[in-house]
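Participant: Sequence:
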Amino acid sequence: MIYKLRQQKLLRWIALFLVGTFLQLLFYIPTPVLSQNSNSCSNLTAPLTPEEQTYARGAWQYFVKNYQPATGFTNSTGGYPSGTLWDMGNYLMALNAARWLNLTDQADFDARLNKFLTTLSSLKLFEDALPNKVYNAANGQMVDYGNNPLERGIGWSALDVGRILAAFDVIRTCHPQYNDWLKGIVAKWQVARSLKDGQLFGATVLPDNKTLLVQEGRLGYEEYGARGYGLWGFPAPKAISLEPFKLVEINGVQIPVDTRDFKSTNANNYVVSESYILEGIEFGLQGELADFAARVLDVQKRRYDTTGQLTAVTEDNIDQAPYFLYNTVYANGANWATITDANQPYPQFRSISTKAAFGWRYLFPENAYAQKVFDAVKDLRSPDDSGYYAGIYEESKQPNKALTGNTNGLILEILYYKAKGNHPLIASGSASMSTGKPSENASPATPSNQPNSTVTTPAKTSSNQPNSTVKTPPATPADTPKPTEVAVAPIPPVDSPQPSSQIKMERPLSVIERRYAEAAWRYFQANYHSKNGLIDDRSDFKGATLWGLGDYLAALHAARSLDIITPKEFDQRTRHLLGALTKLPLFGLELPGRGYDTRSLQPVDYGGNPAPEGNGWSALDLGRMLAALYNLKTCHSEYTAAVDKIVLDWSYLRVVREGILSSATVTKEQEGRSLIRVNPETRLGYEEYAARAFQLWGFNVEHSAVGGEYQTASVEGVKVPIQRRRTDTNSKVNQYTVSNPFLLYALEFGLDPQMRSLFEPIFQAQAERYRRTGTLTASATTLIDRKPYTVHSTITGKGESWVALGDDGQPVPKGRLVSTAVAFAYHALLPENKYSQELLQGTTDLYNPLAGFYEGFYEATGKTAVGFTSSTNSMILQSLLYKVMNQQPLIRPTNDMKSPWWQEVSKGNSGRGLPNTATQQTKLISDSSSSYWVSASDRH
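The sequence shown: position 229 = 232 (this note's numbering), numbered continuously.
Every clue listed holds true.
Distance condition first, Cα-Cα at most 27 Å in a straight line; then the derived BS3-like pairs of lysine-lysine:
hint, residue 1, residue 2
1, K837, K866
2, K199, K266
3, K636, K571
4, K817, K790
5, K118, K186
6, K790, K249
7, K241, K817
8, K636, K586
9, K571, K507
10, K886, K837
11, K926, K901
12, K118, K191
Please keep in mind that the hints were generated in silico from the structure rather than gathered at the bench.
All chains should be modelled from the sequences, with the hints used to inform the complete structure.
Facilitator: And the structure:
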């Protein structure tokens, strides 16, 4: 019957086509389509648990019981035959989720969607341009919000259009047989009428019956709606740009708020949960929106901590007048406002939202508060199996028994997102906030900033790593397959942990210090690959270097020593990481390469592109890892055998040559041949740090260790080191001086007289600049979320003081940052210094409680530099540990010279470049002022 009716329509439309061919653009004639499968949509890597299947079945029942067979639509609320385009988008998302979660079969899915699209195709449009704001779900008539028929309609909502366009994209991706039908519908709509000056505009009907176009969307929903438009080729750059917004402090959290207020625009600037939840599950939370979402969740936790009232606020229907409310974090100048669309307050009806609780629980599965509020609503289903209630009233503690497609549709979407392994539903949105990655160019002739170029992406580079070049990568084909997350078994259980005599805590952390430590550790919780034990160097890129993994191991040690994590978690994570290190492919079968994909463990270049043959090794990265491994077996001796087995698998024949550290790079000739080149490392500060680490293991690297003469430049009247004077190489790698490597050296090895002579003028120059200009200065290599993605805020660079440079050596105007990690480290090392105290005060609030500490803030504007890295958060943890260890070097000595490593060294002639003698080439000594490591050959 359906097919016959469509044939009749087809004949009528063909006749119209013969009258005027232009009319073919206004109509699309569908024929019923049958099933095709999309592998990416059906690939459920984290199937629902039996309990979660119960949640999904309960939510799907709402749509079963509120289905309108005449139109294929569903009621927006239980038993009420009305629906907006937003509600229709909810239903499409729910229908897609139900299909892949096996709540309905393909035949039922096709029947429902065919009927839905048939009706949608034939709906009367407002001014023949776009769907009316609301329709009668039972018969498809244009109505007002009271469900009263209106011949003309009441206008259109651009945000609702954006919502259904996002849903259309999911349908055409997961069910490509419907693509042409959906394209025909969108082509029929005059979508461009809802766009003006890069913004979204809705239409409303004035009392005089004239149509008024009104800008729609405030921070959160505006960006979400604009993404839907973008998926179909309708860009709205202003709508997606976040601006204008300000930060408002609520319960101790800086909350982003749209500055367009109700009084001047007659539109609410409410802050709610749902827009960020939708952004997360559909497009993936990245950049500033990821930060904003975490803040919005955290402020609700803070309210609970203060009042004891579980809080999960967003807009919801309620089961009594006025029937719809915005439960907000902030709206129109008021914190925790509960208002109508007309800004009328109803605080007595504030509620815990079921859909918001579900969303936070699955977006942040490790968050204890999200789990707690979820537990309060997870079984809030109606007793007659009609779906989930909207929530629980805070004041009365009674259920808000409103049943809606919004609540139940979002629950199904969320559970489908979970089943897909927390992978965003709209793949094309996954890169929307991130456009560049470190390049593979890290040759000694064109040094990048960090010891070995962390394999990271545009928004964040480990601010302590000397060799990570960050440039915009070539576009990646959309059909590039996602690497498979490989599983790696941890090493077998080791002996029972031994109480460490090396870590002597002079005092416990203060309450504030503990908060900082917990915030820094959050990075390593949020970026942990539970299948293989690795950590991403930065939060927006699935890649790691040996330097970054060394940061992680150092952070693990600090977190355990500070009692931030339990002995059990420390052991599990440590054994898993050690297991992963044994599986990393070695470049040339010698040493770990420069970068690895943290999902596949396969080599990648600095753009994240597969590099099956590898791209060399970094002596600096190797030094970072050797320092961390040495301290692990010193302070936790039960891991000694496992650690030594890893480092004995490596060959050091070419990384240590004639007392100098060297790194390997791979270049390609025009003919396509790959050539390996091994050159000395000369990056100021990083070379000295890595050399000391190699000395711990007995290597003679006297020409790379700190010492000799250094060339200086005058900065603020202070002689600042810019490079070592040397005759063993003519390399000109070092182009700038930053604080990072000197701070890491000081924290781990202490300040021997030679290093102190470099360290002090670097600090003094920054303090003097602050005294002269009032500009806080903490010079470092840090990441930003826009070009050039990595910024070296130098003390001196390329002959100029206080210049910010990109990896290409070009100045970055107004690009200087104050580094959070540098501020923490200087304060740990120089706690009595007034300038280091100023630095700390300026940066301690720069953290996201769910994601870690930010890279810093811009000197010129004071705005936060959005970016999270392992190096920044590791250095903060190490700085806090240094404080409570009475400023003792974090690297502790060992007397165990009978371990497997030293036994192999004693045998000699290993064929893998082990040290010549079984003695350390460095030692820890103390003088009247401090303790520090020095070369064994130094006289003291």
